[in-house]
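Quick note: the sequence shown uses the working numbering, first residue 16, plus one each step.
Be careful, since some hints might not be right.
[Unchecked claim] Cut-off 30 Å, straight-line C-alpha distance, at most; resulting in silico cross-link-like pairs (BS3-like, lysine-lysine):
(1) K101 / K123
(2) K68 / K48
(3) K126 / K154
(4) K68 / K101
(5) K126 / K48
(6) K123 / K100
(7) K48 / K100
(8) K48 / K101
(9) K100 / K77
(10) K68 / K126
(11) K77 / K48
(12) K147 / K77
(13) K123 / K147
(14) K147 / K126
(15) K68 / K123
(16) K123 / K48
(17) K147 / K68
[Unchecked claim] Pairwise CB distance ranges (calculated):
(18) R25 / L167: 19 to 27 Å
(19) L86 / P155: 31 to 39 Å
(20) P20 / K154: 12 to 20 Å
(21) R141 / R33: 17 to 25 Å
(22) D65 / D121: 42 to 50 Å
(23) E120 / K100: 34 to 42 Å
(24) S145 / S93: 27 to 35 Å
Just so you know, the hints here were simulated from the structure itself, not pulled from any lab data. Even for Gly, the Cβ is constructed at its ideal location relative to N, Cα and C.
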Amino acid sequence: MATLPVEYLRTTRLFRERVGDSEIISFEVPTHKYFSRNEIPYLATALDVDLRKMENSISDMKYGRVAVEKLWAYRLDSQLLRENKKVLLPDLASNPIDGEVEEYEDSKILKIHVGNLREFVRIFIRTRQSFKEVVIYRKPPHPALVRYVAYL
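When you get a sec, could you build the whole thing from the sequences and use the hints?
Structure representation (structure tokens):
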């Protein structure tokens, strides 16, 4: 009996949330191992890769070719072992966005403005010897961290 390959790319729910005086559309981020389709623009922007190539490399993980690995997604206003709150990130396709880039010696920071919320999401990219480390930070309310390792 053959086993079916695991699909690492999944469609997750969208949420409307009110932040200050503006309303944004956010999506739920799986805790670890699996990816939401809405995470692809974040990773493609951070790693400077085409959207289609990023989607294909995540889909190819079911054959054992690991290109990007999600280590964890954690909501900072929850207790680590007692409660598991949903990690929400703004959907880059559904919200008006703008951004800035700060480059350093071995890293860079992408600051994403969502509507009138300045620097609502920050993406930290650090280049290591054989991989890139990507950390996405979302500001309060519902602060969160999502950490990836990319072998591209």
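Going down the list of hints, with the structure as the test:
1. K101 / K123: Distance of about 27 Å is within 30 Å: holds.
2. K68 / K48: Status holds; Cα separation ~19 Å.
3. K126 / K154: Between K126 and K154 the Cα gap is close to 11 Å, so the pair holds against 30 Å.
4. K68 / K101: holds (28 Å)
5. K126 / K48: OK: K126 and K48 at ~25 Å, within 30 Å.
6. K123 / K100: Satisfied, since the Cα-Cα distance of roughly 29 Å is no more than 30 Å.
7. K48 / K100: Holds, at about 17 Å.
8. K48 / K101: holds (15 Å)
9. K100 / K77: holds (27 Å)
10. K68 / K126: Holds, because 23 Å separates the two Cα atoms, which is no more than 30 Å.
11. K77 / K48: Distance ~12 Å between K77 and K48 Cα, so the pair holds.
12. K147 / K77: holds (21 Å)
13. K123 / K147: holds (11 Å)
14. K147 / K126: holds (18 Å)
15. K68 / K123: holds (22 Å)
16. K123 / K48: holds (24 Å)
17. K147 / K68: holds (17 Å)
18. R25 / L167: 19 to 27 Å: For R25 and L167 the Cβ distance comes to about 21 Å; the hint holds.
19. L86 / P155: 31 to 39 Å: violated (22 Å)
20. P20 / K154: 12 to 20 Å: violated (37 Å)
21. R141 / R33: 17 to 25 Å: Violated - the Cβ-Cβ distance for R141 and R33, about 33 Å, lies outside 17 to 25 Å.
22. D65 / D121: 42 to 50 Å: Given a distance of about 24 Å, which is not inside 42 to 50 Å, the answer is violated.
23. E120 / K100: 34 to 42 Å: holds (36 Å)
24. S145 / S93: 27 to 35 Å: Since S145 and S93 have Cβ atoms about 33 Å apart, the given range 27 to 35 Å holds.
When the structure is compared with the earlier hints, violations turn up for hints 19, 20, 21 and 22 and for no others.
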